Structures are given as C-alpha cells and as structure tokens.
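J.: So for the sequence shown, our numbering puts the first residue at 669; every next one is plus one.
Hints are computed from structural coordinates only; laboratory data are not their basis.
Predicted, not measured: the structure shown is a model, and the values here were computed from it.
A portion of the hints provided could be inaccurate.
The following label-pair restraints were derived from C-beta to C-beta distances [claimed, not checked]:
hint, residue 1, residue 2, range
1, 821, 936, 36 to 44 Å
2, 913, 1024, 22 to 30 Å
3, 775, 1065, 17 to 25 Å
4, 910, 1066, 15 to 23 Å
5, 831, 936, 23 to 31 Å
No residue lacks a Cβ here, since even glycine has one placed at the ideal position from N, Cα and C.
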Amino acid sequence: MTRARPQNWLLISFDQWRGDWLHQPWLRLPNLQQLARESWDVRRCYTSSPQCIPARASWLTGRTPGVLGVTANAHYTVPADAPSFVRTLRDRHGYHTVLVGKTHWTPHEPGVDLRDNLPLMEQLGFEHVREIAGPRALAVVECELTDRWRDAGLLEVYRADLEDRYRQGCVHTVRPSVLPDALYPDLWLTRVALEELAQLPADRSWLLWVNFPGPHEPFDVPAGWRGYHGAIPPPEPRPTDARDLAQRAPQGSVLARKLQRWPNGIPAEALADLRSDYADHLHLLDAQVGELLTGLARRGDCSQTAVSVCSDHGELLGDWGLLLKGCFLEGAMRSLFLHRPPQGRRGLRRIWSPGERAYGLTACLWDAAAAVATPAQGSFGSRLRRQPAEVLVEFEDERLQLR
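All chains should be modelled from the sequences, with the hints used to inform the complete structure.
T.: Shown next as structure tokens:
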C-alpha cells in the first residue's frame, strides 16, 4: 500500500481580525470570500485567550493558556521544549518549515533584536525564519524591517508618529501611516513571503507560515487603501439596564474593569472613523492573500497544497463602547478560521454558521496540521467533527466555557 505524501501547507494568520467580519456585503474581501467558498469555513471559532501572547503560545503548543501559565500579555518566552505542531511536521514528517512575520513567542522589549530568537525558533521546529514584531513593538525592537526603515530615514519618523498617536493613553487616533506602501508592515511582508514561496522545495513537503501583523491597531491604513467598503453598521451598544449590566459585568470582573477605562465609551465620530479604517485594513490584507494565492498557483505543486487562514483573536471595534480585546465579549473572542484542502472542498458542502456549535482555534490549527501531515488518517472535516463539545477561553483569572 502506497503511503499518501504529506500535503504542503500555506498557513496565513492575522493579528486581531475578528472572526465575524468576513462575509458581510459591506466588506470588500473578494479573495477571502472566494477562499471561504472552497474551504471548511469555521464561523464560530474561538481563541483560547483574547490577547496576543497567551493566544499565540497556545496555538503553537496546543496547550491551554492556564497550563502554560500565561493567561494575559506578560513577559513570557515559549519554552524551547514545549510541544510544537511545527516541530512535529519537521521531525516526524520531513517538512521544510519557514515562517515570516510576527510570532510574539518572546518578549518585545526595548533593545531586543528578534534575530537573536533564531536558535529558539529552530528548537520550536522552524528551519528558516524572518521575524518581525507587531506595529507598536516595531517602535522598540530591532528586526529586518526596522533595518529597512532606518536605511530609508523613517525609523525615528515612525517612532514619533506612534508616540503621538497613543499620547495620554488614546488608542483611537485614525490617520494614514507615515510609511510608504513598500515599507508598510503588511505590504512589505507580502513581498518577503512571495520570495520565500518561490524558493520552497519541489521535492519535499513544506510549511510556509505567513503571519501578518495587521489589522492590529494603530488605525493607520495607507492613504491609497482607504475607502474600500460599504456602509458599516454601528457597533453593539452597551446595555443601558443597570441590572443587566451588573449581571454581565460583575464588580471586579475583567469586563467591569474594562468598562471603567472607557466609562463614557469611544466618541461617536472616532468610532465611525476607526471602523472604516479597520474595514479598509481588511481589504488591504485580502489583497495580500490574493497575491499569495497567485504566487502559489505559479508553483508546480499547487495542487498538493492546503491553505489555512486564521487570526489569533478579535477586536471590539466599539462594541459596548470599548476597543481592543482582553475580555469575554464576542468580538474579542471570535477568530477567523478557514481551511482549504488541496484542490478545494469535495462532496456535500457544509458551513458552520453562527447559530451552531463553537470550535476552538488551537484545536482547529492542530487538526489542520494533522490533516496535511497524515491525509490518509482523516480529513480536516472528519477531525473537526471529533473536537470536544466545549471550548475553553481563559483571560487573567477568569474562564469561560462555550458550546
């Protein structure tokens, strides 16, 4: 009996793309909406934690944030000997493993050079890495992209702009980036990813993980990418009934503390602007997905390649008058997850709609890894159906079970 060759895997991930912003007619996301039609479209996918560091540590290791000991953003490094689906692909199944973009598996502090992480990345399973940070950390760490900014005389310009945007704790400033398109992180990363995609081996199964730092704030979509959406509806309002609010956000809870940060919500004009900017950022990222899929189509092994798209967590975007994530509101917990097997879905189409059961982001990612490595042992869909009925979401000292 001939053993099925492991499938190649193009894994595309985003930072802070809320999973319920994909199929709306007012969004212009032609590439991802087409990909969703060809994929397992997991519409109720939930992060293991609605903040970057615990969510990303969990999706790599397969462990819950509580087991890892990191349930909120903190000074944390993923242990070199932690479980890793990437290491399994490399060591057990012979994959060539490449990562470009953000990981956040190590602290992002002033003076850190992300290239010093290469030994750790090798231990976690990667053979080749070109790592950058998220947009806010790029003002303090060093990496390949900040070298490009420095060479162009833009590093201090970027730092000054970021400091001004977040002055006095304001996070809702909306204005175009000071960077040229060629050096805007998401656009620059696409060119890097296409370089790596073209160089992947044809005689060996491979993983290329493209980890975009967008659409994480700041709300700074380049000027040429603005205006690519329809009329955006308003966010979910904060409950006005005091009893209902006290029940849903008990005193001392994470959500209650978040409400204290924005007691009067976000100004209405700022909300409209930032939701518009976010929708445009999604359009920009959708175009990058289109470029990656075009690059994949040029390869002779395209028909042997699975494609997955996911996000680490969501973004509140004004729900309850709040921004960012870090609570158990739907917009913060919902993640994107699509998985297209080689040559697309076959057989009767099924979609997981919002009214159906919940699925875990980490479990989906690990099921996709198993499906590409051992396709003869079960498709992604068959593994999805065997996932636990409950999804655990953790943040700080709180836990939520979803069904």
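J.: Are the hints correct? Go through all of them and say.
T.: We went through each hint and held it up to the structure:
1. 821 to 936: 36 to 44 Å: holds, 38 Å
2. 913 to 1024: 22 to 30 Å: holds, 28 Å
3. 775 to 1065: 17 to 25 Å: holds, 22 Å
4. 910 to 1066: 15 to 23 Å: At roughly 22 Å between Cβ atoms, residue 1066 and residue 910 fall inside 15 to 23 Å, so the hint holds.
5. 831 to 936: 23 to 31 Å: holds, 26 Å
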